[in-house]
Amino acid sequence: MALGGDGGDELFAGYETYSAYVYANLYKRLPGVLSRGIIPRVVSRLPVSLDRVSFDYKAKRFVKGALLSPLEGHYRWKVIFDEDAKRDLCCQGSGRDSGIDDSFEVMRGYYEETEGMDTLSRLQYVDFKAYLPDDILTKVDRMSMANSLEVRPPFLDHNVAEYSFRIPANLRLHGFKKKHILKRIMQDRLPQKVLHGKKRGFNVPVPKWLLNELHDAVHDLLSVEKIRKQGFFNADYVKRMVEDHEKLRADFSRNIWGLLIFTLWHDRWMN
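Numbers 7 to 277, taken from our numbering, label the letters of the sequence shown in order.
All the pointers check out, no bait thrown in.
Listed below are the simulated DSS-like cross-link pairs for lysine-lysine, each with C-alpha atoms no more than 25 Å apart in a straight line:
hint: 1; residue 1: Lys70; residue 2: Lys245
hint: 2; residue 1: Lys66; residue 2: Lys84
hint: 3; residue 1: Lys214; residue 2: Lys232
hint: 4; residue 1: Lys183; residue 2: Lys66
No lab work stands behind these hints, which were simulated from the structure alone.
Just so it is clear, the structure is predicted and the values come from calculations on it, not from any experiment.
Model the full structure from these sequences, guided by the hints.
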């Protein structure tokens, strides 16, 4: 048995996407010549870094959604393939390219359930209902059970979860300070270096793996011949993504990783 911290970010505003919402409100006040012109052009020219959640990755994601509605901007942070990319990715005329906007509609449905609440709480609720169970808890449950380990998340006790949404939003995200109320509660119980330490995610160095240890696997599993045989995706588009990533023209690591996992799943269960 082990205890996990899952749910803490969704309930107490621990993700940078919530800070991005605050930054976006400020960004929208800038003159159009900056917000729609100079800044996006400068950001688009930032050199590609293969570091985990690098500055250029965050800056490009932010600018892409900063002028959209809060939900659309939030969605841009979460999605791997946006709508334009999905249309380019999916084979046209095959019948498989319908419903590609469904992921946003799921988020919109949860967002609309919270009409009347403050925007931060609504975005947190969306993550609590979609991202947490479908991504975070799924990953933790499968990997822990595969190693005969039971993981229990205390933050997801229903009393804690229900109470967190009754806490004023500015106590969860105080300016740009994430998890503000949790840090206030623990300020006399934890060392300062822990309390105010940099957030450490569980990201693995996928961008670098794809260029090194997984290079051959990428070219085998995502070869033009294999993708065309599957019939789901545009093989030329996938090839361009791989080439752009390898030549550091763009960081497509999340896209390529997603396609790799899909292909492994397809080979095991559908062939």
